[in-house]
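Protein chains: 2
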Amino acid sequence: MSQKPTLFTSLSPALLHLYDLQNAVVVIIDVFRATSTIASALYNGARYIIPVDAVSKAIEISKKTGGIAAGERDGKLADGLSHGNSPLEYKRAFIENKVLVLTTTNGTRLLQMALDQGADTIITGSFPNLSSVCSYLLQQNKNVVLACAGWKDKFNLEDTLFAGAVISRVQEHFSIHCDSSLMAAYTYNCNKADLLGFAKNFTHYHRLVDRFGYIDDIAFCLQEDRADVLPLYREGRLVNGKNT
Amino acid sequence: MSQKPTLFTSLSPALLHLYDLQNAVVVIIDVFRATSTIASALYNGARYIIPVDAVSKAIEISKKTGGIAAGERDGKLADGLSHGNSPLEYKRAFIENKVLVLTTTNGTRLLQMALDQGADTIITGSFPNLSSVCSYLLQQNKNVVLACAGWKDKFNLEDTLFAGAVISRVQEHFSIHCDSSLMAAYTYNCNKADLLGFAKNFTHYHRLVDRFGYIDDIAFCLQEDRADVLPLYREGRLVNGKNT
Chain R
0 MSQKPTLFTS LSPALLHLYD LQNAVVVIID VFRATSTIAS ALYNGARYII
50 PVDAVSKAIE ISKKTGGIAA GERDGKLADG LSHGNSPLEY KRAFIENKVL
100 VLTTTNGTRL LQMALDQGAD TIITGSFPNL SSVCSYLLQQ NKNVVLACAG
150 WKDKFNLEDT LFAGAVISRV QEHFSIHCDS SLMAAYTYNC NKADLLGFAK
200 NFTHYHRLVD RFGYIDDIAF CLQEDRADVL PLYREGRLVN GKNT
Chain V
0 MSQKPTLFTS LSPALLHLYD LQNAVVVIID VFRATSTIAS ALYNGARYII
50 PVDAVSKAIE ISKKTGGIAA GERDGKLADG LSHGNSPLEY KRAFIENKVL
100 VLTTTNGTRL LQMALDQGAD TIITGSFPNL SSVCSYLLQQ NKNVVLACAG
150 WKDKFNLEDT LFAGAVISRV QEHFSIHCDS SLMAAYTYNC NKADLLGFAK
200 NFTHYHRLVD RFGYIDDIAF CLQEDRADVL PLYREGRLVN GKNT
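Read top to bottom, the protein sequences are chains R and V. For the first sequence, numbering that gives the first Met the number 0 begins at 0 and goes up steadily by one. For the second sequence, numbering that gives the first Met the number 0 begins at 0 and goes up steadily by one.
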């Protein structure tokens, strides 16, 4: 019998209930762009991030805390928010020592779902903080659920690619009997030499680039270790676990 | 504006509600083994197949109709059923002119879900009847939802591969903005030269081969056009649409 912890990949929030989140590390993955933005803001010195699942809640909490109400709905800045969901918006000169209150269509909603389903350890993952995520998973030696945010419960390839990147680096240390993980690792390994080229076919790429022109965002979101922090959820806040 | 009909792939029964099944052709896909068994039985002359979602219902209907109560739960013959879910069980000498009442863990349940969600045109697809499925989709010129049965709502690779095989053959004729379809076609195209070799990594391969020794079943289920019929759902029955 293998004593290795298990690793599963949930390809959509609508599949998350199939996995046991208790006593596991849950990695929330929303590559375009919530979890890339979270990594970027913490890397550039944000004190912490308050992820919330509703625009109204983001506005209310930002008023109470003095934090920046930020995020999007359907890829656009939502009414009442002062900043968007671009990792490039949160440069050090702007975000250092500030609090970000973030709400997004998929990523922050999924984080709330994981909490509701009893997750006790939650981190967020994206290519800009890939190495920190992998180091943390190896160090914890607990079961892992890689939770892809998708788009409105639909499967997407960018989150799957990130799950595959994690799996390709940690798979020796886990017991993996999960076709989602197999597919994710396979797809990543076949395309890792040119993630941006592969991404040009993705539905969300077309949504973000053709409609809104966010090509620089996309390029940032697919680069490894540009903002290598460990966003760790603690008592309502995402803090940089590397500092704790 | 393109006037092509749309094509989407649903990777799990738990994602089926995200797609509009009305005025579309829904292709039920359960490669290991329900839809391969359905193709095999019709090819070998079964009069029709009654797909049902519960073992008790299969037994009851077989008593009323004189049909063969067949199927599985968790890969094994369920109590009260006289035959299993192997495509190789339904040779002509046995099944010709008979009625099969079939219930399986995933495939027949998904067909019932599609009916409940308002699907008006349902066919079943598997590698043994790949060409007939593709011809029918091209001939109908309607929207298409490729509905993978998965395993207890989890994603699986064999159903995804079949979706990819269909997409690779019909994609010029459809408008496809769906990462699931993109991934399915990509995975199929990369592995079509050796589907059986690729399948040796799959969760369900291990379940069927390591536990039950169904290697011949698996090999049959991955061969194209060995039982090239068109199982078409009409008034509670799957009939060979090529005969109608």
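Be aware that a few hints might be false.
[What the hints assert, rightly or not] Output of the computed footprint for chain R on chain V, the stretches with three or more beta carbons under 8 Å from beta carbons of chain R:
#1 151 to 162
#2 175 to 183
[What the hints assert, rightly or not] Sample of chain V residues lacking proximity to chain R, with all beta carbon distances greater than 10 Å (derived):
#3 Lys3
#4 Leu10
#5 Ala13
#6 Leu129
#7 Val169
#8 Glu223
If you're looking for bench data, these hints aren't it; they were derived computationally from the structure. As the structure is a computational prediction, the values presented were derived from the model and not from experiment. Where a beta carbon is used, it is the ideal one built from N, C-alpha and C, also for glycine.
Structure-based check of each hint:
For a cut-off of 8 Å, the count of residues in the region 151 to 162 of chain V with a CB near a CB of chain R stands at 7, and the three-residue condition holds. For the region 175 to 183 of chain V, the stated coverage by chain R is satisfied: 6 residues place a CB nearer than 8 Å to a CB of that chain, which reaches the threshold of 3. With a least CB separation of 16 Å from chain R, V/Lys3 remains clear of the 10 Å interface cut-off, as annotated. With a minimum CB-CB distance of about 6 Å to chain R, V/Leu10 fails to clear the 10 Å threshold, and the non-interface call is violated.
Once the 10 Å rule is applied to beta carbons, V/Ala13 is inconsistent with being away from chain R; the minimum gap is 5 Å. In this structure V/Leu129 is separated from chain R by more than 10 Å, as the shortest Cβ-Cβ distance comes to about 20 Å. The Cβ of V/Val169 sits about 18 Å from the closest Cβ of chain R, beyond the 10 Å cut-off, so the non-interface label holds. Residue placement check: V/Glu223 keeps its beta carbon more than 10 Å from all beta carbons of chain R (closest about 21 Å).
Figure legend: structure checked against the earlier numbered hints; hints not met, in rising order: 4, 5.
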